[in-house]
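Residue numbers (the numbering used here), protein chains in the order written: chain X, 98 to 397; chain U, 98 to 397.
Honestly, the hints are just simulated from the structure, not real lab data. Honestly, I wouldn't trust all of these hints.
If chains are identical, the list can't say which one is meant, so a pair holds when it fits in one copy or spans any two.
[Stated by the list, open to error] Computed cross-link-like contacts, DSS-like style, restricted to lysine-lysine with a CA-CA straight-line distance of at most 30 Å: (1) K362 with K302; (2) K302 with K241; (3) K124 with K372; (4) K362 with K232; (5) K381 with K232; (6) K124 with K241; (7) K232 with K268; (8) K200 with K362.
There are 2 protein chains.
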Amino acid sequence: MKPLQTNFNLLTYLYERKEIVEDTLNKSIPRGNPTFIYDSIRYSLSAGGKRIRPILCLASCELAGGTMEMALPTACALEMIHTMSLIHDDLPAMDNDSYRRGKPTNHIIYGEDLAILAGDALLAYAFEFIATQTKNVPADLIVKVIAQVAHSVTTSGLVGGQIIDLSSEGKSDTTLETLNFIHIHKTGALLEAAVLSGALLAGAKEKDMNRFLRYAQNIGLAFQIIDDVLDIISTEEKLGKSIGKDLKTQKATYPSFWGVEESIKQAELLVEEAKEEILYFDNKAIPLIAIADFIVNRNN
Amino acid sequence: MKPLQTNFNLLTYLYERKEIVEDTLNKSIPRGNPTFIYDSIRYSLSAGGKRIRPILCLASCELAGGTMEMALPTACALEMIHTMSLIHDDLPAMDNDSYRRGKPTNHIIYGEDLAILAGDALLAYAFEFIATQTKNVPADLIVKVIAQVAHSVTTSGLVGGQIIDLSSEGKSDTTLETLNFIHIHKTGALLEAAVLSGALLAGAKEKDMNRFLRYAQNIGLAFQIIDDVLDIISTEEKLGKSIGKDLKTQKATYPSFWGVEESIKQAELLVEEAKEEILYFDNKAIPLIAIADFIVNRNN
C-alpha cells in the first residue's frame with residue numbers, strides 16, 4: 098500500500114462541508130403561508146447534527162470523479178429524509194421523545210399534527226429537490242438516484258428498521274440477528290443510499306459500485322455500534338448525570354451482547370474493512386477513509 | 098364544434114381502468130417480514146375508491162399521444178400518495194376518523210405507529226415506483242414527472258391544504274378564499290399532478306400543457322364542490338340515518354356559502370370550462386370529457 102497524501106485536515110473538511118450543506122438546506126425550503134408549517138420544517142432541519150449523510154454523498158461523488166455541485170441537491174435531500182425520520186420517530190405514538198440534542202422535539206413545539214405533516218412535506222421536498230436542482234448529471238442517472246434514495250426509506254429501509262425497533266422495545270430476548278436487522282435498515286440504509294447515490298451521480302462504473310456498497314455497509318454498522326458504546330461511555334464519564342437511555346429502557350445494544358471493549362473492536366474491524374475497499378482509489382479516497390476513522394474515534 | 102364520437106361507454110371505461118390500476122397496485126408492494134407492516138400498507142391501498150387520480154393520469158397520457166403503459170407506474174404512484182394522505186389525515190392527531198368507506202381506518206386496526214410508518218413507506222414507494230417502473234419514456238421526462246408529483250405533496254400541495262383545513266376546524270368565520278385555498282391544495286394539487294404528469298409522460302407540448310392545467314384546475318374544484326353537496330344531499334335522502342359530517346362539525350363548505358342549488362351550478366360551470374379546454378383535441382378528448390361530466394353527475 099502506497100502512503101497516502103497527509104496534508105488532509107478532516108475537521109476543516111467536515112466543517113466546510115457542513116457549512117455548505119446547511120447553507121443549501123436553509124435556502125431549500127421556501128417561505129410562505131401559513132408560516133407555522135414552514136417554521137416547523139425549518140426548526141428540525143436547522144437543528145444541527147453532524148450532517149454525515151450529505152457529507153458522505155458529496156465525498157463519494159468526488160471520489161467517483163464528479164463534483165460537489167453535482168451531488169449537493171441529493172446530499173441535502175438525504176438530510177431532509179433523515180430529519181423527517183427523526184421528527185416521526187420522536188412522536189408519542191413512536192419513541193415518544195420530548196428532547197433531541199437538548200431542544201424540545203418538533204411535536205412538543207408545534208403539535209403532533211404539524212409534526213406529522215412537516216415530516217410528510219420533507220419527504221416530498223427531498224424528491225422534488227433532487228429532481229429540480231440536480232445539474233450537469235444525465236437524467237437517467239438522476240432517475241436511478243431517486244430510485245436508490247426512495248428505496249432506502251421504504252419497508253426495505255428505514256421504515257422497516259423502525260418497525261422492528263418499535264416491536265423489540267422492552268423485550269429481553271432480542272437476538273443479535275434482530276439487532277443487526279434494525280440497524281442495517283434504520284441507520285444503514287440511508288447511509289448506504291448516501292454513499293451509493295454520490296457515486297451514481299458521478300457515473301461510477303458497476304465494479305466500483307460494489308466497493309462503495311461494501312464501504313457503506315461497513316461504516317453503517319460501525320456507526321451504530323459506536324452510537325451504542327457512546328450511550329454507555331458518556332454516561333460513565335458524566336457520572337451523576339442521567340444514565341444512558343438504552344440502559345434505562347433495557348434496549349438491546351451491541352455492548353449488551355459483546356461488552357464495550359469487544360464492541361469497539363468490532364467497529365474498528367468493520368472500519369478497517371471499509372477502508373480496504375476504497376484504498377483502491379489511492380489519494381482520492383482520503384476523505385472517505387478519514388470519515389471512516391472518524392466514525393470510530395468520535396466522541397459524540 | 099364537431100360532434101364527437103358517441104359509442105363511448107364511461108362506466109365500462111372506468112371499470113376497466115380501475116381493474117388495471119388495482120391489479121398493478123396489488124403487485125406494486127412486495128411481501129416481506131414483518132408481515133404486519135405490509136398488511137397495513139395493503140389494507141389501505143386495497144380499500145377501494147374510484148381510483149380517479151390514476152384514471153385521469155392514464156387518460157391524459159393517452160390524449161397527449163402516449164400509451165397507458167407509459168403512465169401506469171405514475172398512475173399507481175398517485176394512488177399510493179392519495180392513500181398515504183388518507184392514512185395520515187385519519188390519525189387521532191389529525192381528523193381522528195375511525196371509519197373510512199365503512200371500514201375501520203388504518204390506525205384503528207394496526208395502531209398509530211404503524212399507520213404513520215405505512216404512510217411514510219407509501220410515499221417513498223410512490224417515487225421508487227415511478228423511477229424504476231416507467232418504461233419507454235425519456236429519462237428527462239421521468240425526472241419532470243417526479244418533480245411535479247413531489248411538488249403536489251409539499252406545503253404547496255396537499256400538506257398545505259391539510260394544515261389550513263385543520264386550523265379552520267370549528268371556526269365559523271372561514272372565508273370563501275380560505276375554503277378555496279384548502280381545496281385547491283388538499284384535493285386539487287394531486288388531481289392536477291395526475292393530469293399534468295400523464296401529459297408530460299407523453300411529451301405534450303408546452304402550449305397544450307396549459308390546456309391540461311386549466312382542465313385539471315376546473316375539475317379539481319368541481320370535484321370538491323360536489324363532494325360537499327353529496328355530504329348534504331345523501332343526508333337528506335337517507336333521512337333517519339346519521340346526518341352529514343360537515344354539518345355536524347360545522348365545517349365551512351361550498352353549500353354553506355352558496356346553498357346546494359348554486360353550488361351544483363358553479364360545479365357545472367367549472368366542468369363546462371374544463372371541457373372547453375380539451376375539446377380542441379377532438380375525439381381523443383372523449384374520455385376526459387366524460388370524466389369531467391361524471392364528476393358533477395356522480396352520486397358517491
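Hint numbers the structure violates, sorted upward?
Failing hints, ascending: 1, 3, 4, 7, 8.
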